[in-house]
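Engineer: Heads up: the sequence lines are chains A and B, in that order.
If you read the first sequence in the numbering used here, its first letter stands for residue 1, the second for the next number, and so on.
If you read the second sequence in the numbering used here, its first letter stands for residue 1, the second for the next number, and so on.
Treat each hint with caution, since some may be false.
The calculated lysine-lysine pairs, modelled on DSSO-like cross-linking and capped at a C-alpha distance of 27 Å, are [claimed, not checked]:
| hint | chain 1 | residue 1 | chain 2 | residue 2 |
| --- | --- | --- | --- | --- |
| 1 | B | K163 | A | K372 |
| 2 | A | K65 | A | K33 |
| 3 | A | K12 | A | K279 |
| 4 | A | K12 | A | K188 |
| 5 | A | K75 | A | K144 |
| 6 | B | K163 | A | K320 |
Cβ-to-Cβ under 7 Å is the rule here; a few derived chain A residues that face chain B [unchecked claim]:
| hint | residue |
| --- | --- |
| 7 | V118 |
| 8 | S128 |
| 9 | I129 |
| 10 | V131 |
| 11 | W139 |
If you are wondering where the hints come from, they were derived from the structure by calculation, not from laboratory data.
Quick reminder that beta carbons are idealized off the backbone N, C-alpha and C, glycines included.
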Amino acid sequence: MDSGLILEWVIKSVILVMVLLTGFAYLTWYERKILSRMQIRIGPNRAGIFGLLQPIADAVKLIFKEELIPDQAEKILFILAPIVTVVPAVVITATVPWGPDIMVFGRTIHMYIANIDVGVLYVTAIASIAVYGIVLAGWSSNNKYAMLGGLRSTAQMVSYELALGLSFVAVILLAGSMNMMQIVEAQKNVWFAVLQPTGAVVFLIATLAELNRAPFDMPEAEQELTAGYHVEYSGMKFALFFMAEYTKMIAISAISATIFFGGYREFWFLKDTFLSVDKIALLGPIYMFLKIIVLLFGMIWARATLPRIRYDRLMSFGWKAMLPLSLAVVLVSAFGIALAAINPLYIWFIPIVSIFLGFLTIGLVDRSLRRKVYAAG
Amino acid sequence: MSGELILFFILALTAILTAAGMLLSRHAVYAALYLVLNFGTVAIFYLLLGSPFIALSQVTVYGGAIMVLFLFVIMLLGAEQITAEFSWNSVVPAGLLGLALVVEALVLVLQKVSASNLQVATSVIDAAPEPLAKQLFTVYLLPFEITSILLLVAMVGAIILTKTEKKG
Numbered sequence: 001m002d003s004g005l006i007l008e009w010v011i012k013s014v015i016l017v018m019v020l021l022t023g024f025a026y027l028t029w030y031e032r033k034i035l036s037r038m039q040i041r042i043g044p045n046r047a048g049i050f051g052l053l054q055p056i057a058d059a060v061k062l063i064f065k066e067e068l069i070p071d072q073a074e075k076i077l078f079i080l081a082p083i084v085t086v087v088p089a090v091v092i093t094a095t096v097p098w099g100p101d102i103m104v105f106g107r108t109i110h111m112y113i114a115n116i117d118v119g120v121l122y123v124t125a126i127a128s129i130a131v132y133g134i135v136l137a138g139w140s141s142n143n144k145y146a147m148l149g150g151l152r153s154t155a156q157m158v159s160y161e162l163a164l165g166l167s168f169v170a171v172i173l174l175a176g177s178m179n180m181m182q183i184v185e186a187q188k189n190v191w192f193a194v195l196q197p198t199g200a201v202v203f204l205i206a207t208l209a210e211l212n213r214a215p216f217d218m219p220e221a222e223q224e225l226t227a228g229y230h231v232e233y234s235g236m237k238f239a240l241f242f243m244a245e246y247t248k249m250i251a252i253s254a255i256s257a258t259i260f261f262g263g264y265r266e267f268w269f270l271k272d273t274f275l276s277v278d279k280i281a282l283l284g285p286i287y288m289f290l291k292i293i294v295l296l297f298g299m300i301w302a303r304a305t306l307p308r309i310r311y312d313r314l315m316s317f318g319w320k321a322m323l324p325l326s327l328a329v330v331l332v333s334a335f336g337i338a339l340a341a342i343n344p345l346y347i348w349f350i351p352i353v354s355i356f357l358g359f360l361t362i363g364l365v366d367r368s369l370r371r372k373v374y375a376a377g
Numbered sequence: 001m002s003g004e005l006i007l008f009f010i011l012a013l014t015a016i017l018t019a020a021g022m023l024l025s026r027h028a029v030y031a032a033l034y035l036v037l038n039f040g041t042v043a044i045f046y047l048l049l050g051s052p053f054i055a056l057s058q059v060t061v062y063g064g065a066i067m068v069l070f071l072f073v074i075m076l077l078g079a080e081q082i083t084a085e086f087s088w089n090s091v092v093p094a095g096l097l098g099l100a101l102v103v104e105a106l107v108l109v110l111q112k113v114s115a116s117n118l119q120v121a122t123s124v125i126d127a128a129p130e131p132l133a134k135q136l137f138t139v140y141l142l143p144f145e146i147t148s149i150l151l152l153v154a155m156v157g158a159i160i161l162t163k164t165e166k167k168g
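Work out the full structure, taking the sequences as your base and the hints as a guide.
Structural biologist: So, in structure tokens, the structure goes:
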């Protein structure tokens, strides 16, 4: 290990953290602009052109706000909780590859921070640690609403982690590796979102729940819990929770782009043209950026469109619909891979059967909801 | 002293301190958090042994899922404070027995284990998950299946215990 390597790692980490934090600031602007468009408003338009300076104005405002610590709060945990929430959100992208190797000053630079054999498992490990921040925030505030928010988020995140983990398993089976780089390269010809569409949908729904985003934002349901787990937080401590949520949105979008939507690889119709990442390596991060923007748009769109789900329905949806469906997705993927060993064309068994299973699940959920309405009616 | 050895001693100290903190903490939430830290240190031990798969599984399963459920139960029951009175008289006999057991185990380990027979099959806990999976599903298939059936039985048992009979 030479000193240049350590310097390279430091530089890459700093760049990644800066990109994530700037991304966080502008994601709030992006979200407010999209939401206002969908609600036929203009949105932020005072600070700078198109309101582009609005995130900076917000940051300055938050820094100068008074920080309150409730008298009866557990001081240490109260201060620790926002930190425990932010750190996983920032470090989770360490294994995501942003592009193929490039040459700078005669040095091969890898566009990732760590290329470990268990990259996917790293993501699940960090994601499962992220729960602690919210739980501790809810508990240490010594506030009933915050406590309920913390409990809700624990139950919700633990429940949806199962579906999330199982859709990871489907991808690992298809790629034959847990290494993020190899997962991306395995999608050279066909994206896993095409090969396993139901897996991709299950994954996207589960990530929304993991992020506590609408329509799964039960931990901070305003009407019931005022603001849930962060009701007692103000100033920069609140800003840290805010930052964690939006940084996680970017990180999760990057991860879903990597494991289901071809990662830094070009769109399938650009394969073998001069716009392929094999020809111009620097296009990798650009494709990644485009995919992340689209996925973020999807998340914001869901927030603008869907009302919050009732809590008991959220849990039964997680356990009775998402978990069996994701188990079926894993089984179908394994069968398809076994069949593809006989004839490569049989790989299309996977999307056909899994789409059918997806519609079957929708049908069953719809039927049970109708029966509930009928029984109540 | 090599860097790895220094790291090992720091980690060992952390592991022992967090374990002691877990036992001595009067506050259930802090005890649970000490245990989380302890699991984290054990995960780093696995990393030092060159087995990232087991390390990250440790973090995901123990650090992530199980301890979160522990915290959930502690908070839900509101059982944060230990109210029971502590007296040495009730602990001393059990403590002496435990101490004797630990001493016996230590003596046995020091007598039987030497550097020559510590050569565990490290290829089994290889860096890549694939060799590990191969071993698990060929050589150790029976223990693996028995463990999974045990977990299934526990799960079914938990569901049956919490199920309430519907009246009428």
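Engineer: Given the hinted pair B/K163 and A/K320, is their alpha-carbon gap at most 27 Å?
Structural biologist: holds (16 Å)
Engineer: Holds or violated: the hint that A/W139 contacts chain B, with Cβ atoms closer than 7 Å.
Structural biologist: With a closest approach of 5 Å, the A/W139 hint holds.
Engineer: Would you check whether A/I129 satisfies its interface hint, that is, whether its CB is within less than 7 Å of any CB in chain B?
Structural biologist: holds (6 Å)
Engineer: B/K163 and A/K372 were given as a pair; does the straight-line alpha-carbon distance stay at or below 27 Å?
Structural biologist: holds (20 Å)
Engineer: Please verify that hint: A/V131, Cβ, nearest Cβ of chain B, below 7 Å or not.
Structural biologist: holds (5 Å)
Engineer: Does A/V118 pass the interface hint, meaning its C-beta sits closer than 7 Å to a C-beta of chain B?
Structural biologist: holds (5 Å)
Engineer: Just to be careful, I want the Cα atoms of A/K65 and A/K33 compared with a cutoff of 27 Å; is the pair within it?
Structural biologist: Since the Cα atoms of A/K65 and A/K33 sit roughly 25 Å apart, the hinted pair holds (cutoff 27 Å).
Engineer: Holds or violated: are the alpha carbons of A/K12 and A/K279 at most 27 Å from each other?
Structural biologist: Status holds; Cα separation ~23 Å.
Engineer: Holds or violated: A/K12 and A/K188, Cα atoms, limit 27 Å.
Structural biologist: Between A/K12 and A/K188 the Cα gap is close to 25 Å, so the pair holds against 27 Å.
Engineer: Taking 7 Å as the limit, does the beta-carbon of A/S128 come near enough to a beta-carbon in chain B?
Structural biologist: Holds, because the Cβ-Cβ distance from A/S128 to chain B comes to roughly 2 Å (cut-off 7 Å).
Engineer: Just to be careful, I want the Cα atoms of A/K75 and A/K144 compared with a cutoff of 27 Å; is the pair within it?
Structural biologist: Holds, at roughly 17 Å.
When the structure is compared with the earlier hints, no violation turns up for any of them.
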